[in-house]
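Could you build the full structure based on these sequences and the hints that come with them?
Protein chains in written order, with the numbering used here: chain D, 1 to 252; chain U, 253 to 525.
Derived from the structure by calculation, the hints contain no laboratory data. Possibly wrong hints are sitting among the right ones.
[As the list claims (entries may be wrong)] Pairs of lysine-lysine residues, derived as DSS-like cross-links and limited to a Cα-Cα distance of at most 27 Å, are as follows:
1. LYS18(D) <-> LYS211(D)
2. LYS18(D) <-> LYS512(U)
3. LYS142(D) <-> LYS280(U)
4. LYS512(U) <-> LYS136(D)
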Amino acid sequence: MSPTEPAVAVDRLFKAYKAVAAVNGISFALAPGSCTALLGGNGAGKTTTISTIMGLVEPTSGSVTVLGANMPRQRHLVLHRMNFESPYVNMPMRLSVRQNLTVFGMLYGVADLRGRIQRMAEELDLSEFLDRQTGKLSSGQKTRVALAKSLINDPEVLLLDEPTASLDPDTADWVRGRLERYRVERDATVLLASHNMAEVERLCDRVIMLKAGRIEDDDTPANLINRYGRSNLEEVFLDIARGTGEAREAAQ
Amino acid sequence: MTTQSPAYIAFSPRRIFAMVLRHWYLLKASWPRIFDLMYWPAVQMLMWGFLQVYISQHSGFFAQAAGAFIGAVMLWDILFRGQLGFSISFLEEMYSRNMGNLMMSPLRPIEFVMALMAMSVIRLAIGMVPVSLLAIAFFGFNLWGLGFALVAFFANLFLTSWAVAILVAGLLLRNGLGAESLAWGIMFLLLPLTCVYYPVAVLPSWLQFFAWMLPPTYVFEGMRAILIDHVFRADLMAQAFALNVVLLGASVVGFLVLLKSARREGTLLQGGD
Numbered sequence: 001m002s003p004t005e006p007a008v009a010v011d012r013l014f015k016a017y018k019a020v021a022a023v024n025g026i027s028f029a030l031a032p033g034s035c036t037a038l039l040g041g042n043g044a045g046k047t048t049t050i051s052t053i054m055g056l057v058e059p060t061s062g063s064v065t066v067l068g069a070n071m072p073r074q075r076h077l078v079l080h081r082m083n084f085e086s087p088y089v090n091m092p093m094r095l096s097v098r099q100n101l102t103v104f105g106m107l108y109g110v111a112d113l114r115g116r117i118q119r120m121a122e123e124l125d126l127s128e129f130l131d132r133q134t135g136k137l138s139s140g141q142k143t144r145v146a147l148a149k150s151l152i153n154d155p156e157v158l159l160l161d162e163p164t165a166s167l168d169p170d171t172a173d174w175v176r177g178r179l180e181r182y183r184v185e186r187d188a189t190v191l192l193a194s195h196n197m198a199e200v201e202r203l204c205d206r207v208i209m210l211k212a213g214r215i216e217d218d219d220t221p222a223n224l225i226n227r228y229g230r231s232n233l234e235e236v237f238l239d240i241a242r243g244t245g246e247a248r249e250a251a252q
Numbered sequence: 253m254t255t256q257s258p259a260y261i262a263f264s265p266r267r268i269f270a271m272v273l274r275h276w277y278l279l280k281a282s283w284p285r286i287f288d289l290m291y292w293p294a295v296q297m298l299m300w301g302f303l304q305v306y307i308s309q310h311s312g313f314f315a316q317a318a319g320a321f322i323g324a325v326m327l328w329d330i331l332f333r334g335q336l337g338f339s340i341s342f343l344e345e346m347y348s349r350n351m352g353n354l355m356m357s358p359l360r361p362i363e364f365v366m367a368l369m370a371m372s373v374i375r376l377a378i379g380m381v382p383v384s385l386l387a388i389a390f391f392g393f394n395l396w397g398l399g400f401a402l403v404a405f406f407a408n409l410f411l412t413s414w415a416v417a418i419l420v421a422g423l424l425l426r427n428g429l430g431a432e433s434l435a436w437g438i439m440f441l442l443l444p445l446t447c448v449y450y451p452v453a454v455l456p457s458w459l460q461f462f463a464w465m466l467p468p469t470y471v472f473e474g475m476r477a478i479l480i481d482h483v484f485r486a487d488l489m490a491q492a493f494a495l496n497v498v499l500l501g502a503s504v505v506g507f508l509v510l511l512k513s514a515r516r517e518g519t520l521l522q523g524g525d
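Spelled out as structure tokens, the structure:
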């Protein structure tokens with residue numbers, strides 16, 4: 001992949017489950033080092049889009065390329081350079097945090113794994129419960145462990161599906177801070193699906209709005225707020241979700 | 253934080269070892285899981301062992317064929333527990349909602365399958381080694397005394413158990429936990445057909461045709477040839493092996509087709525019923 005090539009390229013992606021189109025011909029490209037939010041109501045096609053980028057779902061038509069590799073056909077060429085976090089998956093609960101990180105570190109081919117786990121434990125404040133069973137941790141602690149797993153291989157592309165769902169404001173803020181720092185230090189490409197608009201405004205430099213499997217809008221958070229004549233992204237989201245967006249934009 | 257991505261490796265023994273380690277950690281942390289590995293094989297062996305003792309006291313034929321029942325039940329357990337050891341390790345990933353993590357990791361399907369094969373051997377060893385020692389202590393039946401024949405029996409039974417388990421894993425990926433009952437019960441379909449406790453000649457001739465299509469049938473016939481006629485039938489083991497190669501190949505193809513279908517239907521992340 002050359003430096004000018006997008007880290008992720010989605011081209012006319014169409015995915016149907018039987019007769020229902022979950023994603024309907026969307027195209028976008030993510031520049032290396034960018035942070036983009038994928039927003040939309042339930043059933044808008046966010047999870048299907050992210051799953052297709054991860055190689056877990058095969059497109060009905062169109063293509064998805066990650067770091068130059070076609071997904072899912074060539075996924076094994078790039079999976080070691082990507083990672084993800086999602087509330088839809090768990091780490092094995094009976095294993096300790098250290099055991100889980102050891103297993104995933106080995107799966108991702110991480111060198112000097114012991115040192116890497118030690119450094120991550122310090123950076124993500126895991127040290128005090130590193131040898132405790134993952135299932136016995138609080139939600140906030142589990143989220144930190146999931147974050148450690150998603151960063152264990154220093155991914156160039158990081159996919160996050162509602163990374164702060166069900167967290168208290170303090171822990172959620174802490175997670176956002178870590179993600180922000182990681183993206184800057186690693187120059188990583190981040191794609192984030194979230195229902196938390198404040199989170200999106202803080203972390204992302206671009207927002208893709210999905211509705212019924214199509215892209216409804218695509219711009220920076222500031223431009224969207226300005227174009228729709230609203231004071232924050234949540235109001236823009238509601239305009240688009242309720243179908244009043246075009247009228248407001250025209251009025252502006 | 254560092255800025256170096258790990259290197260791409262097409263086939264990695266380290267990833268296989270990582271998966272074995274993951275399941276070893278799970279076993280180590282849970283004594284009920286270890287107990288369960290030994291409990292049923294021990295109960296089965298004791299029940300059939302005492303039945304054999306009783307029958308042999310009233311039948312000259314069975315007195316001569318000492319160990320035929322105990323041998324049969326122990327070899328059946330290799331077949332059954334071999335499949336179950338593979339399938340349970342696979343199910344553990346679904347129960348813990350870890351499948352998405354694995355499918356998104358660099359772990360390749362062949363490495364996953366090889367790790368589950370290794371786990372089925374480890375799980376079986378934990379159950380069968382103590383039970384085989386109990387068989388010596390209670391009934392004087394030494395499974396290990398079968399020597400090279402035991403190696404041939406083991407190899408063929410494991411190959412069949414893996415072939416069945418790989419196909420079941422594909423069905424679980426495609427259909428989620430709705431297909432779980434297959435993992436627990438599919439092997440019992442082979443119990444009457446593979447003639448575990450009686451010779452193939454007992455079956456009606458049309459059913460014998462199907463029985464001889466199943467590799468374990470050759471193993472159980474081979475076991476009776478050793479215990480009753482004191483002859484090692486290498487020809488039966490070679491035929492079982494040839495059938496196993498075909499069965500395993502078909503099973504791997506079936507697994508890959510089901511995995512592709514799961515990607516198409518988007519069931520890899522769901523895992524539910």
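Now the hints, each set against the structure:
no. : hint                    : verdict
1   : LYS18(D) <-> LYS211(D)  : holds (19 Å)
2   : LYS18(D) <-> LYS512(U)  : holds (16 Å)
3   : LYS142(D) <-> LYS280(U) : holds (22 Å)
4   : LYS512(U) <-> LYS136(D) : violated (35 Å)
Hint compliance for this structure: hint 4 is the single one not met.
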